[in-house]
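Construct all of the structure, not just a fragment, from the sequences and the given hints.
There are 2 protein chains.
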Amino acid sequence: MNKDFRKQLKNILENASFDTADLTDEMWSYFEQAFTHKTYVNEHKGTKSYQYLEFLGDAVLQFLVSNAIFWTFPNDNEGHATALRSAIVDRENLGRLANELKLVDCVRASKGAYNNGKTIKADSDLFESFVGAIYCVYGLGAVESFIEKVLLVDLENFSNSSLKDPKSRFQELVQTSGKNDIFYENTALGNGLFESRVMIDKCVYGIGIGKTKKEAEKAAATEALKKYQQ
Amino acid sequence: MNKDFRKQLKNILENASFDTADLTDEMWSYFEQAFTHKTYVNEHKGTKSYQYLEFLGDAVLQFLVSNAIFWTFPNDNEGHATALRSAIVDRENLGRLANELKLVDCVRASKGAYNNGKTIKADSDLFESFVGAIYCVYGLGAVESFIEKVLLVDLENFSNSSLKDPKSRFQELVQTSGKNDIFYENTALGNGLFESRVMIDKCVYGIGIGKTKKEAEKAAATEALKKYQQ
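So the protein sequences, as listed, match chains A and B.
If you're matching positions, the first sequence starts at 1 in UniProt numbering and goes up one per residue.
If you're matching positions, the second sequence starts at 1 in UniProt numbering and goes up one per residue.
Hint data in this document are derived by calculation from the structure and do not stem from the laboratory.
Watch out, some of these pointers could steer you wrong.
A pair holds if it fits inside one copy or across any two, identical chains being indistinguishable in the list.
[Stated by the list, open to error] Calculated pairs, DSSO-like style, for lysine-lysine (alpha carbon to alpha carbon, straight line, at most 27 Å): (1) Lys-213 / Lys-227; (2) Lys-3 / Lys-227; (3) Lys-214 / Lys-7; (4) Lys-149 / Lys-167; (5) Lys-38 / Lys-213; (6) Lys-179 / Lys-10; (7) Lys-121 / Lys-226; (8) Lys-179 / Lys-102.
As structure tokens, this is what we get:
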């Protein structure tokens, strides 16, 4: 591995309180992979992109966050717990952390492709692949301690305002980007279902169906949120 | 706890090779909860339904299955791995196991409500809540051994036929229920996106949008599969 690249990774890990003294080359290779964007792989044969580690890291995160919620709030219910988990393992939240922990500065990508095409999704994916590598190298307990420090701080008081419904969250997102006038066009589909289209300036941003108009609007907003954040 | 109920639970656990000799009342209460349907809770104050354990069990399952895939197929990619995981942690697959392990015979529900309103989803939820209780009482390693025996048998040879795309799977599902003539109605939305509606006999079963017609059809079929399986 390139010496400068390993030095950068070492800094990241040590800043996050991981001991790197005993890491073998095989262990380093997980972190190397975790910071390798697919555009780099296209130009450098024999390298692997972070996507498979992201698959693993996402599952580790979902599990550990669910576990923390379950034991912190033993009398919660699955609806609220699911909403709380979504608000924590949220693209914007993880993307913010990838920036705060300076993970984004370390990414290997083809000629700045990562920074040029930079999205919240890419940053959030990077956080997940980093978690995947920590899991492979240091184990589950180490990931648990790490996310308790960076992701689950103040879980007890985690603001309920983060648990807003998708319609409100889409509205906020649209407003911050200077647009306005969200319109939901609802149609009865004739089979007991409703269709809702969420539109801005005559453009459809999401379509949802549901058993009630409210459910359809919620589904449409959820889809719009996904597309908008990509 | 009712003596007969505990005896039933004991049988289930011992058939699945769990040692029940040292279980405390608190530990039994997790299994009691795991087999309690919400219709029972409505009529019996002080009882809890299995839904919160299902939330936890689902996350445990997703994590352990992802982990098994990652280490069994170190050179896989995230797309195939995600499809493989979905095929394993699949409602029909888990529902089948809930029946094979006779979990469904143990459920406490209001006056047969569980069996009358019996769906694959309810059976699959029950399997997840059972996994949640095993995790709470016996720990993560015990769940791992358990699912290696019942869910991950022959993972190496897991048939690729389970990994069909959503359109094929929807077609098969519809055919087994005696219907036919699935039709995809595609429309260009004018903002670079396509909308697809999957229809049977003029009824809309799913709507999807995507950047290509193919992507939109796939999204529509995925939604239709979800609705059809509920």
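Evaluated hints:
In the homo-oligomer, the alpha carbons of Lys-213 and Lys-227 lie at most 27 Å apart both inside one protomer (21 Å) and across protomers (16 Å), since each shortest distance falls under that limit. Proximity of Lys-3 and Lys-227 under a CA criterion of 27 Å is satisfied in neither setting, with 39 Å inside one chain copy and 53 Å between copies. With identical chains, the CA atoms of Lys-214 and Lys-7 are never at most 27 Å apart, being 53 Å at best within one copy and 44 Å at best between copies. Proximity of Lys-149 to Lys-167 under the C-alpha cut-off of 27 Å is found in neither arrangement, the shortest distances being 31 Å within a copy and 43 Å between copies.
Taking the closest pair of Cα atoms, Lys-38 and Lys-213 come within 27 Å of each other only across two copies (25 Å); inside a single copy the shortest separation is 41 Å, beyond that limit. In the homo-oligomer, the alpha carbons of Lys-179 and Lys-10 never lie at most 27 Å apart, since the shortest distance is 42 Å inside one protomer and 60 Å across protomers. Within a single copy, Lys-121 and Lys-226 get their C-alpha atoms as close as 10 Å, and across copies as close as 25 Å, so both meet the 27 Å cut-off. For the homomeric pair Lys-179 and Lys-102, neither the shortest alpha-carbon distance inside one copy (31 Å) nor that between copies (55 Å) is at most 27 Å.
Hint compliance for this structure: hints 2, 3, 4, 6 and 8 are broken, all remaining hints hold.
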